[in-house]
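Asks: Below are the chains, spelled out letter by letter.
2 protein chains.
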Amino acid sequence: MTTTTSSPTHLNPAVLQASYAVRGPLATKAEHYRAHIKAKGDNHDLPFKSIVTANIGNPQQAGLDQPPLTFFRQVAALTEYTPLLDDPRAQDLFPADVRARARELLAEVGSTGAYSHSQGVPAIRQHVAEFITARDHLPAELAADPSNIFLTAGASQGVSLILQVLSTKTSGILIPIPQYPLYTATLAALDTNALPYHLNEADDWSMDPQSVEDAIAEAHARDIAPRALVVINPGNPTGSVMQKETMQAVLDICAKYHLVLLADEVYQVNIHDPAKEWVSFASLARKNPTEPKVAIVSFHSISKGVTGECGRRGGYFELLNFPAEVTAQIYKMASVGLCPPVQGQIAVDCLVRPPKPGDESYPLYEKESTTIARALKERTETMVSKLNALPGISCQPSTGALYVYPRLYLPQRAKEEAKKRGQEPDEYYAECLLDETGICVTPGSGFGQREGESHIRLTVLCPGVDEYVGRIEKFHNAFMKKWE
Amino acid sequence: MTTTTSSPTHLNPAVLQASYAVRGPLATKAEHYRAHIKAKGDNHDLPFKSIVTANIGNPQQAGLDQPPLTFFRQVAALTEYTPLLDDPRAQDLFPADVRARARELLAEVGSTGAYSHSQGVPAIRQHVAEFITARDHLPAELAADPSNIFLTAGASQGVSLILQVLSTKTSGILIPIPQYPLYTATLAALDTNALPYHLNEADDWSMDPQSVEDAIAEAHARDIAPRALVVINPGNPTGSVMQKETMQAVLDICAKYHLVLLADEVYQVNIHDPAKEWVSFASLARKNPTEPKVAIVSFHSISKGVTGECGRRGGYFELLNFPAEVTAQIYKMASVGLCPPVQGQIAVDCLVRPPKPGDESYPLYEKESTTIARALKERTETMVSKLNALPGISCQPSTGALYVYPRLYLPQRAKEEAKKRGQEPDEYYAECLLDETGICVTPGSGFGQREGESHIRLTVLCPGVDEYVGRIEKFHNAFMKKWE
Numbered sequence: 010m011t012t013t014t015s016s017p018t019h020l021n022p023a024v025l026q027a028s029y030a031v032r033g034p035l036a037t038k039a040e041h042y043r044a045h046i047k048a049k050g051d052n053h054d055l056p057f058k059s060i061v062t063a064n065i066g067n068p069q070q071a072g073l074d075q076p077p078l079t080f081f082r083q084v085a086a087l088t089e090y091t092p093l094l095d096d097p098r099a100q101d102l103f104p105a106d107v108r109a110r111a112r113e114l115l116a117e118v119g120s121t122g123a124y125s126h127s128q129g130v131p132a133i134r135q136h137v138a139e140f141i142t143a144r145d146h147l148p149a150e151l152a153a154d155p156s157n158i159f160l161t162a163g164a165s166q167g168v169s170l171i172l173q174v175l176s177t178k179t180s181g182i183l184i185p186i187p188q189y190p191l192y193t194a195t196l197a198a199l200d201t202n203a204l205p206y207h208l209n210e211a212d213d214w215s216m217d218p219q220s221v222e223d224a225i226a227e228a229h230a231r232d233i234a235p236r237a238l239v240v241i242n243p244g245n246p247t248g249s250v251m252q253k254e255t256m257q258a259v260l261d262i263c264a265k266y267h268l269v270l271l272a273d274e275v276y277q278v279n280i281h282d283p284a285k286e287w288v289s290f291a292s293l294a295r296k297n298p299t300e301p302k303v304a305i306v307s308f309h310s311i312s313k314g315v316t317g318e319c320g321r322r323g324g325y326f327e328l329l330n331f332p333a334e335v336t337a338q339i340y341k342m343a344s345v346g347l348c349p350p351v352q353g354q355i356a357v358d359c360l361v362r363p364p365k366p367g368d369e370s371y372p373l374y375e376k377e378s379t380t381i382a383r384a385l386k387e388r389t390e391t392m393v394s395k396l397n398a399l400p401g402i403s404c405q406p407s408t409g410a411l412y413v414y415p416r417l418y419l420p421q422r423a424k425e426e427a428k429k430r431g432q433e434p435d436e437y438y439a440e441c442l443l444d445e446t447g448i449c450v451t452p453g454s455g456f457g458q459r460e461g462e463s464h465i466r467l468t469v470l471c472p473g474v475d476e477y478v479g480r481i482e483k484f485h486n487a488f489m490k491k492w493e
Numbered sequence: 010m011t012t013t014t015s016s017p018t019h020l021n022p023a024v025l026q027a028s029y030a031v032r033g034p035l036a037t038k039a040e041h042y043r044a045h046i047k048a049k050g051d052n053h054d055l056p057f058k059s060i061v062t063a064n065i066g067n068p069q070q071a072g073l074d075q076p077p078l079t080f081f082r083q084v085a086a087l088t089e090y091t092p093l094l095d096d097p098r099a100q101d102l103f104p105a106d107v108r109a110r111a112r113e114l115l116a117e118v119g120s121t122g123a124y125s126h127s128q129g130v131p132a133i134r135q136h137v138a139e140f141i142t143a144r145d146h147l148p149a150e151l152a153a154d155p156s157n158i159f160l161t162a163g164a165s166q167g168v169s170l171i172l173q174v175l176s177t178k179t180s181g182i183l184i185p186i187p188q189y190p191l192y193t194a195t196l197a198a199l200d201t202n203a204l205p206y207h208l209n210e211a212d213d214w215s216m217d218p219q220s221v222e223d224a225i226a227e228a229h230a231r232d233i234a235p236r237a238l239v240v241i242n243p244g245n246p247t248g249s250v251m252q253k254e255t256m257q258a259v260l261d262i263c264a265k266y267h268l269v270l271l272a273d274e275v276y277q278v279n280i281h282d283p284a285k286e287w288v289s290f291a292s293l294a295r296k297n298p299t300e301p302k303v304a305i306v307s308f309h310s311i312s313k314g315v316t317g318e319c320g321r322r323g324g325y326f327e328l329l330n331f332p333a334e335v336t337a338q339i340y341k342m343a344s345v346g347l348c349p350p351v352q353g354q355i356a357v358d359c360l361v362r363p364p365k366p367g368d369e370s371y372p373l374y375e376k377e378s379t380t381i382a383r384a385l386k387e388r389t390e391t392m393v394s395k396l397n398a399l400p401g402i403s404c405q406p407s408t409g410a411l412y413v414y415p416r417l418y419l420p421q422r423a424k425e426e427a428k429k430r431g432q433e434p435d436e437y438y439a440e441c442l443l444d445e446t447g448i449c450v451t452p453g454s455g456f457g458q459r460e461g462e463s464h465i466r467l468t469v470l471c472p473g474v475d476e477y478v479g480r481i482e483k484f485h486n487a488f489m490k491k492w493e
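One line per chain: the protein sequences are A and B, in this order. Numbering of the first sequence is given in the numbering used here, commencing with residue 10 and proceeding in unit increments. Numbering of the second sequence is given in the numbering used here, commencing with residue 10 and proceeding in unit increments.
Do not take every clue at face value.
Taking lysine-lysine and the DSS-like style, the derived pairs with C-alpha atoms no more than 30 angstroms apart in a straight line are [said to hold, decoys possible]:
1. Lys428/A with Lys429/B
2. Lys341/B with Lys341/A
3. Lys265/B with Lys302/B
4. Lys341/B with Lys49/A
5. Lys47/B with Lys341/A
6. Lys285/B with Lys178/B
7. Lys428/B with Lys341/A
8. Lys38/B with Lys491/B
9. Lys491/B with Lys341/A
10. Lys429/A with Lys341/B
11. Lys429/B with Lys341/A
12. Lys429/B with Lys365/B
13. Lys285/B with Lys341/A
14. Lys341/B with Lys47/A
15. Lys428/B with Lys424/A
16. Lys178/B with Lys341/A
17. Lys178/A with Lys49/B
18. Lys395/B with Lys49/B
19. Lys178/A with Lys341/B
20. Lys395/A with Lys302/A
21. Lys38/A with Lys341/B
22. Lys424/B with Lys341/A
Beta-carbon label-pair distances, calculated as ranges [stated by the list, open to error]:
23. Asp54/A with Ser156/B: 20 to 26 angstroms
24. Thr37/A with Gln100/B: 51 to 57 angstroms
25. Thr255/A with Glu40/B: 50 to 56 angstroms
26. Asp96/B with Glu493/A: 45 to 51 angstroms
27. Glu40/B with Pro218/A: 30 to 36 angstroms
28. Thr255/B with Lys38/A: 43 to 49 angstroms
Partial list, derived from the structure: chain B residues whose beta carbon lies under 8 angstroms from chain A [what the hints assert, rightly or not]:
29. Lys47
30. Lys49
31. Asp51
Honestly, the hints are just simulated from the structure, not real lab data. Predicted model only: the values in this text are computed from it and were never measured. All C-beta atoms in this analysis are idealised placements derived from N, C-alpha and C, irrespective of residue type, glycine included.
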């Protein structure tokens, strides 16, 4: 077709560089299989009954069907269609606290159809600040400040915004390997430098401060100024929860090298091991300040935890120790996008102010959230133990987040076959897994790993874990045998 | 404060360059005034009773209170809190067609809390394609294709995405002057070249193809390759509706210079003059193809028209005549943001499939949308005529969109005073207007204008137009007198 379109060679070269594995070719192939099964019914010719979507942390999607928390959805319905608040026929349909919350939010928001303040509805930011202050047990003089809270369309949008503001050609952003590919994709599109530091798989994917020091030294040798450090805690894809001592060491490094700390803390509620305590970087930095103080951006989201409201696109970030001139630049860029979705902002309000004991909604809320948390914990433990029982697989315990991230020790002949096909070994493995079992996972090459290593990331969101890990076992044993 | 934060001089220099007038310092000052009035009640010391927000096209915001269309909100409530669909107590609360639509959408979406396809829910894209085909009276062989539709978080996000993909250092994007500052802000942040072409104020802000040719020649002289041409039709801030002949000339220029046409058509429903007919660029390009065919991106939104659902963040763009490799790059970047808000997507479905005659919701929908359209038309005409009656103001008729954009002929001494304060003359005028009357407008310098000119943009969304244009009249006469 001859048209006036820029051919790809005329496009933004930084965009051409970017890649994003979580929604890459395997995910697309899985969608085609799903459509095929839907169209053909029982007459399809695929060697599996259904697609298992284990490639993306999307709890409420079809087939996973994690139920939304009722409180969130009742507040959403009343704020969307406000005549329900006063219609006598609707009086019995909503608990008193839901009705009160909807009225309170509407008084602040006006209409969910109006642009809000670009930084988010002031009252909701106030509630986020109160949530942080309570969560981190902050004394009044260290309380969080709503003017430093930015509501966002999911944490992803916040991360993109901050990376955009901080990036320059001659500086770089330190990122963990493995990492959530939002970081590499966004940095590539910004034409700036991703500076990888390696997590320590053998030690539960812990963060080794020395690996950060090494990455900084390497950047300096290449005349690149490290400007910020990304930490994902709990880890994605690793499931690792950081220890306080390591976190303090990270803060010390940020102080020493004048780094902004980007704390991706969206999985803060997903802790599966009662022995692990999650604490925020901001709370440590507030209570035990370094000299100079570390500037921190802390990201949170409604998409993870037990909420799982990915499709509503809500989240926030808090800026700590940012000078007003930098905050003003961040605000300016936020304002170009006008505002985050108001219904996502309302969900953030529900996240930071859930029903409390005594509220009419509390018993149901408590039951729903406990049920989800228990299922996530049990599935995680089952998956790790079943995967570890397979030959050629070793899987670190996943104590947080929504993923297991096993390492694959693949036969040499399988690696050669992958190379022949122009794929990484774990891409080849993941594609065979999809083709033969209908299970869609994300290959480790999309998250980054050391040369020669292979991993896959599976979410812990799929029900029927015995059945579907059974499919993996069968496939894996046959695969290992075929290529041994 | 000593912290590890990058000082502004360490930030992305392109971000520092960007500016966005619609939510600039005047809007912030207006918010402070509003908060002051709210806090002090009747005891405030400001010389006006209330803030009139005429700076941004945000129909449902407090004080404007354009009601949402009931059909949209009923569908939203049922898709958010699905137990209402089956609860016998809720049977009378929603019309049959609303219930049917909610069930149909839920069958496609699953949960509003799940990430959708990154390009948007396939069934909703199918409905958008059918809407375009019907709106543009396309024969079957020219029908719109859902695989070329991308749902977005408002048109702004779509524009940013497309500009990001098309921008390079050595190329540029042709933009109208005056323009909606999303374009200049985004292009500045992308560190690419905005190539201005001037609209013809004396001829109802029409587009003069020669001015585009001139801008292209100037770009070539600077060794910049023009890559795309932005047209806003109906115009923002101008209110101008393009004639078919001009549109064909634009398409010919795009074909001649191999330009992608970015057609910002978000005000397509806001036509105040029955003699003006709005047609889409894509329909002309389909029915009367040039050689080569012009690649077009057409943007639409739920935020404008009579819908005014800004806060939900919904919209779409259609790609026409784009090769698959370029579409794939656009898809990749869309996928990094995961998906547009699902409730915004649902509102797009309502936009492109409103109730039709015979549906239970139709009479109310028809009444609500007609009432809004009539109010917008009447206010526009009143404002233009009252403004034109003032000395030192001339205002072109605004036949489309949601704005009037009068030119100000300010006294020389007022200009000198502005210069002393480091402001553009129209910025100074707009700030005095806000300080003395509480009316917040956007100065023309934020949209771009010729050296020495002054304009302001006012939305036509404020009720009580006689009273508030009365405030402007009083202020304006005093201002002109003071500085004459």
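Asks: Which earlier hints can't be squared with this structure?
Replies: 1, 6, 9, 12, 13, 15, 17, 18, 20, 24, 25, 26, 27, 29, 30 and 31
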